[in-house]
Structures are given as C-alpha cells and as structure tokens.
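Visitor: Make a model of the complete structure from these sequences and hints.
Plus 2 on top of the position in the sequence shown (first one is 1) and you've got this note's numbering.
Just so you know, the hints here were simulated from the structure itself, not pulled from any lab data.
Mixed in with the good hints there might be a few duds.
Have a look at the derived ranges for each label pair, beta carbon to beta carbon [unchecked claim]:
hint : residue 1 : residue 2 : range
1    : Ala159    : Met214    : 48 to 54 Å
2    : Asp96     : Asp193    : 21 to 27 Å
3    : Asp67     : Pro150    : 41 to 47 Å
4    : Leu19     : Gly86     : 32 to 38 Å
5    : Ile218    : Asp238    : 29 to 35 Å
6    : Gln153    : Gly177    : 38 to 44 Å
7    : Pro133    : Thr210    : 30 to 36 Å
8    : Leu28     : Asp170    : 25 to 31 Å
Only pairs whose alpha carbons sit at most 20 Å apart, straight line, appear in this in silico DMTMM-like list of lysine to aspartate or glutamate [as the list claims (entries may be wrong)]:
hint : residue 1 : residue 2
9    : Lys15     : Glu235
10   : Lys229    : Asp219
11   : Lys15     : Asp41
12   : Lys15     : Asp162
13   : Lys15     : Asp179
Virtual Cβ for every residue (Gly too), placed ideally from N, Cα, C.
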Amino acid sequence: MDRMLYVAMSGAKETALAQARNTQNLANASTTGFKASLDAFASRPVTGPGYDTRTYAVTEDMRVDLSPGPLQATGRDLDVALQGEGWIAVQAPDGGEAYTRAGDLRVDSVGLLTTGTGLPVLGDGGPIAVPPFETLEIGSDGTISIRPLGQEANTLAQVDRIKLVNPDPAELVRGEDGLIRHAQRLEQPPDAGVNLVNGMLESSNVNTVEAMVRMIDLARHFEMQVKMMKTAEDNDAASASLLRLS
Numbered sequence: 003m004d005r006m007l008y009v010a011m012s013g014a015k016e017t018a019l020a021q022a023r024n025t026q027n028l029a030n031a032s033t034t035g036f037k038a039s040l041d042a043f044a045s046r047p048v049t050g051p052g053y054d055t056r057t058y059a060v061t062e063d064m065r066v067d068l069s070p071g072p073l074q075a076t077g078r079d080l081d082v083a084l085q086g087e088g089w090i091a092v093q094a095p096d097g098g099e100a101y102t103r104a105g106d107l108r109v110d111s112v113g114l115l116t117t118g119t120g121l122p123v124l125g126d127g128g129p130i131a132v133p134p135f136e137t138l139e140i141g142s143d144g145t146i147s148i149r150p151l152g153q154e155a156n157t158l159a160q161v162d163r164i165k166l167v168n169p170d171p172a173e174l175v176r177g178e179d180g181l182i183r184h185a186q187r188l189e190q191p192p193d194a195g196v197n198l199v200n201g202m203l204e205s206s207n208v209n210t211v212e213a214m215v216r217m218i219d220l221a222r223h224f225e226m227q228v229k230m231m232k233t234a235e236d237n238d239a240a241s242a243s244l245l246r247l248s
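Guide: Next comes the structure, spelled out in structure tokens:
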C-alpha cells in the first residue's frame, strides 16, 4: 500500500513543479529574448540496503530551449537582435559574465550601456561607458559609434564594441537569476562570426498554444495522482477493517 502512495505522492509533487515551470514560460511569452524551460518526467529507484522496492517520479528541469525567437522590427537605434546563433555578453549581478539574447539596450544616467533590465553590457575591456552624444549607432559587428555632443554631423567616434560570443550550446546553463552562463563559469572569447541586426528585437521563443495545452495536460496528471492517493487511503482503511474483523 505504501508503495502506491509513495509513487502517487512523488508524482503529484513533481507534476506541480512542472506546472510552475510551464506557468513561468507562459508569463514570459512576451519577454524580449526569453528562452523557454524544458522538462521531462523520469522514474528513479529509492536506493538503500537490499533490493530497490520503491520508485519515485522526478522532473529534469535544467534544460533550456535555446532556439531563436521571432524578430520584431522596432526602428529604435538602440534595439538590436542577434542574427542566427550567438549571445550578448553582460555583467551579471554577481559580477561574473553572463549571456542574453535581449537586445533592448539603453544608456543609463551615468553613461553605462545596459540591457532593458539594467545589466551592464560588456565590451572589449569590461562594461561599456558611452560619453555624451548627439547620435549613437551600433554596427552589425557590435561596434558602437557616436557623434559627440556639440560636434559636426560628419564627426563619428568609435567608443567600444559589444562583446558577442558563440559558445557550445551544450555547455550553457540557466541560473536562478534567469541568465545564461557557461556551465564551468568560464568567460568566452569574442566571436567575429556573430552579427547584429539594428532596429529589431528577438521575441520570446515560448509557444503559447503549446504551453496552454501542456498546462491542461499537467492539471489532469495532478488530478490523477491525487485520486491515486485517495484510492491508497481507501484501500488502507479497508485492509484495517478486515484485520479488525479477523
């Protein structure tokens, strides 16, 4: 009896976790550059002395769907999208190097080039600082050029170059802060083969219809597991009643 209850309990728990990840995907369906979380159910034996007599359900949630999302034209000079594979290097809140596909860039009040969420964008020598400017242009190779404040229209100065990288997707993981990092926390070298498209943004790669169908499917799975726990409870009560009669 306890075997059935244990399987149902662990199944319900993991289904609830999978539902939470699916809900997070839906919540970020319109987030620029967001990559959907992937998970899969698997069974694992409970190891211990003697034979394995208990099995529980688990979900593997460390995988990320790294496929590109659709591009949307914005016409904004500081909006950039990656053409094909590659990542924009940013400075994570912990000071380390992380990667994003969100190209909604802006210059903050102190002149730092940041993402829409405030993460400093990395260049050849660290976070990119932009002097006061009249206009700013970002080239396909990540080169940032400005017309300095008060200068003639034909005066352009190169400030820095956005660090664009293209590590092996198999070596990338997503942290709890939602940023993509190298699994070994190794800084990746710039890749000249990565190109940007100006005036466009990459949308989330979440398929909303598929996520809604999965939400319904997971809800049914959870209900089934709860019914199994109720059945185990009823069977246990019936067994206890028979033992009292004997």
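Visitor: Hint by hint, note whether the structure agrees.
Guide: So, going through the hints one by one against the coordinates:
{"no.": "1", "hint": "Ala159 to Met214: 48 to 54 Å", "in the structure": "holds (50 Å)"}
{"no.": "2", "hint": "Asp96 to Asp193: 21 to 27 Å", "in the structure": "holds (24 Å)"}
{"no.": "3", "hint": "Asp67 to Pro150: 41 to 47 Å", "in the structure": "holds (42 Å)"}
{"no.": "4", "hint": "Leu19 to Gly86: 32 to 38 Å", "in the structure": "holds (33 Å)"}
{"no.": "5", "hint": "Ile218 to Asp238: 29 to 35 Å", "in the structure": "holds (31 Å)"}
{"no.": "6", "hint": "Gln153 to Gly177: 38 to 44 Å", "in the structure": "holds (42 Å)"}
{"no.": "7", "hint": "Pro133 to Thr210: 30 to 36 Å", "in the structure": "violated (42 Å)"}
{"no.": "8", "hint": "Leu28 to Asp170: 25 to 31 Å", "in the structure": "holds (29 Å)"}
{"no.": "9", "hint": "Lys15 to Glu235", "in the structure": "holds (17 Å)"}
{"no.": "10", "hint": "Lys229 to Asp219", "in the structure": "holds (16 Å)"}
{"no.": "11", "hint": "Lys15 to Asp41", "in the structure": "holds (14 Å)"}
{"no.": "12", "hint": "Lys15 to Asp162", "in the structure": "violated (49 Å)"}
{"no.": "13", "hint": "Lys15 to Asp179", "in the structure": "violated (23 Å)"}
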